[in-house]
Amino acid sequence: MERLSWKKQLERRGGALLARGAVLLLGALMLGRSFAATFTTSLDRDTVILGENVTLTFKFEGVQPGGLPQLPAIPGLQPTGGTSSGFNSSSGPDGKMQVVQTFAVPFVTQRTGDIVIPGFNVEVGGQKLSSAPLTLKVLREDPSAPPADYATNQVFLWLALPKQELFIGEVIVAELRLYLRSEIGNISDLQIPTITGDGYNAGPLQQVPQFQRRVGNATYNVVPFNFTLAAVKNNDLVIGPLNGTVVVHGGPRDFWGQYRQRAQVAFSSPPQSLPVLPVPSENAPANFTGAVGNYTMTVNIGPTNVATGDPITVRVQISGRGALNGLMLPEQTAWGDFKSYPPTAKVETTDALGLQGAKMFEQVISPENADVQELPAFSFSFFNPETKTFRTLTHPPTKLTVRPGGVAVAPTIAASSKPNSEAAPQQIDIVPIKQRLGAVTRTTAPFLTQPVFLAAQSVPVLAFLAAFVWRKRTAALANNPRLRRQRQVEQTIRVGLETLRAHAAQNQSDEFFAGLMRLLQERLGERLDCPASAITEAVIEERLRPRGLPDSMLDELQDLFQACNQARYAPVRSVQELGAVVAKLENALRKLAEVRV
Amino acid sequence: MKSLRIMLLLTLIFGGYRSFAASEVETQFELANKLYAQNKFSEAAGAYEQIITNGTISSVLYFNLGNSQFKAGQLGQAIAAYRQAERLTPRDPDVRANLRFALNRVQGPTIKSTASQRWFGTLSLNEWTVLGFAGIWLTLGLLVARQIKPALATALKTWTWLSAGGTAVLFICLALALPQNTPGRIAIVTVTDATVRNSPLDEAPGAFTAHDGAELRVLDHKDEWVQVTDDAQRFGWVKRSSVNWSPRS
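Sequence lines, in order, name chains A and B. Per the numbering used here, the first sequence starts with residue 1, numbered consecutively. Per the numbering used here, the second sequence starts with residue 598, numbered consecutively.
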């Protein structure tokens with residue numbers, strides 16, 4: 001629900017001109033400088049019923065006129081008297097004073113039809129100012145009036161649609177009217193639902209000056225809210241039902257001037273449908289991009305003397321009434337000799353509903369060769385829902401002088417530093433397809449679900465575990481010299497046995513038995529934890545036999561020691577004999593390694 | 598020697614087959630592009646889909662498929678294709694531009710991405726995964742270096758902690774990026790008007806209507822119905838035939 005504060009704004013047009021001269025004088029004295037002067041006129045409503053009042057407001061900005069301009073006689077409008085004026089001054093962003101003075105002149109309508117209020121020319125402070133003419137539509141009766149039987153309601157909501165049908169893309173201003181019986185003195189806590197629905201977009205509600213209307217035999221004060229309405233689908237749109245509540249005040253007033261009676265009243269509006277028509281496809285210009293409304297176009301192109309690759313800025317301003325935000329710059333197919341960059345766009349609206357205004361496009365193009373002599377004509381097409389016709393606005397070709405240039409440099413496209421949807425480059429169509437297939441894959445399964453990927457992740461974990469274990473073992477080895485010696489001896493024996501076999505094969509008896517002796521010393525030294533050089537045959541009897549080693553093993557060792565000793569005196573042995581000794585040594589060394597000494 | 602010859606032969610056969618298959622895909626791709634250029638958008642979309650159905654997956658294929666479907670007036674299908682392309686190449690400006698352009702055409706309710714979703718969406722799930730696991734590799738690599746060269750332990754201590762912290766952050770990001778990449782999370786309306794009903798029955802009253810291209814968050818599914826919600830917290834059931842959705846999509 002949309003909560004709107006509401007103040008009583010009954011028309012008080014019978015009052016005399018308010019004496020604000022002192023304020024005006026003070027303001028005038030304070031102002032040393034002022035903004036550029038502007039003068040505008042406006043009507044509080046552009047459509048009224050015959051006999052109703054309408055207020056014409058004269059607004060002066062940046063200048064203080066001596067008084068209300070001389071009013072000419074306007075056929076169909078009769079001044080009712082009670083002109084009011086207002087004055088406002090404020091400090092602008094650059095510190096300069098800004099003054100606004102208004103004069104509100106009420107008229108009563110005397111005839112039906114379109115009444116043209118002419119433009120006014122005034123001279124203030126030596127400046128000649130003029131306003132644009134206005135048109136007031138006076139109807140004999142309200143085409144959107146609620147049925148007479150609604151007069152039984154104290155409060156009701158009524159949707160007034162200005163048209164009987166709507167084109168897709170067309171934006172109209174609809175009026176949601178809150179009818180309050182004239183007995184109601186004031187209201188508060190007005191709750192009006194937000195207007196949403198299928199197939200249309202509705203803008204926010206804007207309260208506009210109220211008026212009085214008769215419904216049946218009852219008089220109502222009407223509080224109107226304007227909003228924009230645009231169909232987006234080719235279906236009849238249905239708005240409503242809309243339900244809301246309001247607290248009404250009435251009855252006699254108390255000492256403080258407040259109404260004594262107040263009550264909350266629920267109200268609703270019936271659903272209303274509006275046929276929606278598609279924009280006709282017949283006679284649609286080729287460059288029609290869906291713009292619906294009534295627009296004018298101005299185009300500014302420059303510079304026109306450039307080298308190839310130099311940027312040329314094309315500024316297009318589309319002004320008028322319609323869905324300005326949705327306007328798109330049509331693709332200019334004739335601009336083939338130019339490299340085009342995405343345009344930027346900015347919308348400036350001049351009315352509270354954002355329906356009237358201009359959209360400014362700025363597109364940078366650059367000629368691609370020096371043969372270019374002109375920028376082809378630029379055209380923009382729209383569908384006017386009032387005349388139900390297409391219209392194409394065309395800017396003629398622009399002569400260009402293009403000379404050969406160096407390497408084309410992409411121009412810098414001015415853009416707001418703040419991300420802004422309006423200022424962002426406007427995309428008028430999808431980016432075309434790609435011509436190269438690029439990287440392809442056979443699966444879209446994420447890595448997280450692929451066993452190979454997950455298995456590969458075990459590699460660093462295993463590497464770390466391996467390094468950790470290696471480090472621990474290295475540390476353990478460093479702190480255990482006996483274990484370290486055991487490893488070294490194992491290594492020595494492994495290599496030594498290979499050497500022995502080689503010596504045996506080559507029948508090198510001396511080297512063979514020298515090596516054999518060394519291996520025996522290494523193994524026994526490691527086992528008995530004494531230097532290898534200290535090992536002789538005597539250790540068998542002195543240190544091994546007392547430890548209870550098997551006699552067979554001791555005998556084998558003794559044989560090996562004796563074989564070494566004999567070799568000193570009778571070194572020549574056959575290859576077979578040496579091979580047998582190697583086997584015997586291997587057996588003895590293995591047994592020694594296995595026993596606990 | 599014999600086994601080497603067999604290996605060589607198999608390599609040649611397999612390599613030749615792969616080369617042939619790749620050129621076949623290229624030919625089909627060029628054919629689809631030609632159809633697009635001839636404004637035969639539906640036919641082009643069918644051709645791109647055929648390549649994908651045959652097992653070739655590429656961001657470009659999904660992008661071109663999306664373009665074809667967009668031009669053929671299939672807004673919802675186009676958005677689904679752009680989403681697939683976005684999953685593969687999330688920072689491709691063309692994909693992002695066309696997806697944004699298509700989403701702007703959607704009428705009525707559709708879920709909007711939050712700023713955090715957009716931020717996590719700048720990298721694909723695989724990229725987040727690789728980053729996270731690269732952090733693990735780096736951290737464990739530093740730990741291994743410290744084990745092998747204990748002298749480096751002090752010098753590498755800060756780097757190890759930084760790496761471990763970065764890895765933790767990357768894994769948190771991966772965990773947060775995971776939900777938005779979960780298959781079957783979003784359903785995209787592919788018909789002009791999809792009536793979302795209060796219960797999974799044809800006779801159930803409509804809760805709201807979603808239009809072509811609208812993206813809806815999937816809560817559950819049952820038979821031929823998918824339970825969805827929109828940003829306005831409206832819930833309902835929509836027929837599977839009206840949306841582009843599968844539990845694995």
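No lab work stands behind these hints, which were simulated from the structure alone. Keep in mind it's a predicted model, so treat the numbers as computed, not measured. Ideal Cβ placement from N, Cα and C applies to all residues, glycine included. Don't take every hint at face value.
Beyond 10 angstroms from chain B on every Cβ pair, some chain A residues (computed) [as the list claims (entries may be wrong)]: (1) 433; (2) 453; (3) 463; (4) 476.
In silico DSS-like links for lysine-lysine, alpha-carbon gap of 27 angstroms or less [stated by the list, open to error]: (5) A:339 - B:709; (6) A:59 - A:163; (7) B:637 - A:434; (8) A:472 - B:637; (9) A:233 - A:388; (10) B:637 - A:233; (11) A:388 - A:163; (12) A:233 - B:709; (13) B:631 - B:668; (14) B:631 - A:434; (15) B:754 - A:472; (16) B:709 - A:346; (17) B:754 - A:434; (18) A:339 - B:668.
Example chain A residues on the side facing chain B (calculated, C-beta under 7 angstroms, incomplete) [stated by the list, open to error]: (19) 198; (20) 227; (21) 232; (22) 234; (23) 431; (24) 434; (25) 445; (26) 446; (27) 451; (28) 462; (29) 464; (30) 467.
Hint check:
no. : hint          : result
1   : 433           : violated, 4 angstroms
2   : 453           : violated, 8 angstroms
3   : 463           : violated, 5 angstroms
4   : 476           : holds, 14 angstroms
5   : A:339 - B:709 : violated, 35 angstroms
6   : A:59 - A:163  : violated, 31 angstroms
7   : B:637 - A:434 : holds, 16 angstroms
8   : A:472 - B:637 : violated, 70 angstroms
9   : A:233 - A:388 : holds, 18 angstroms
10  : B:637 - A:233 : holds, 26 angstroms
11  : A:388 - A:163 : holds, 13 angstroms
12  : A:233 - B:709 : holds, 22 angstroms
13  : B:631 - B:668 : holds, 14 angstroms
14  : B:631 - A:434 : holds, 12 angstroms
15  : B:754 - A:472 : holds, 19 angstroms
16  : B:709 - A:346 : holds, 24 angstroms
17  : B:754 - A:434 : violated, 49 angstroms
18  : A:339 - B:668 : holds, 24 angstroms
19  : 198           : holds, 5 angstroms
20  : 227           : violated, 18 angstroms
21  : 232           : holds, 5 angstroms
22  : 234           : violated, 10 angstroms
23  : 431           : holds, 4 angstroms
24  : 434           : holds, 5 angstroms
25  : 445           : violated, 10 angstroms
26  : 446           : holds, 5 angstroms
27  : 451           : violated, 14 angstroms
28  : 462           : violated, 10 angstroms
29  : 464           : holds, 5 angstroms
30  : 467           : holds, 4 angstroms
In terms of the numbered hints stated before, the structure departs from hints 1, 2, 3, 5, 6, 8, 17, 20, 22, 25, 27 and 28, listed from lowest to highest.
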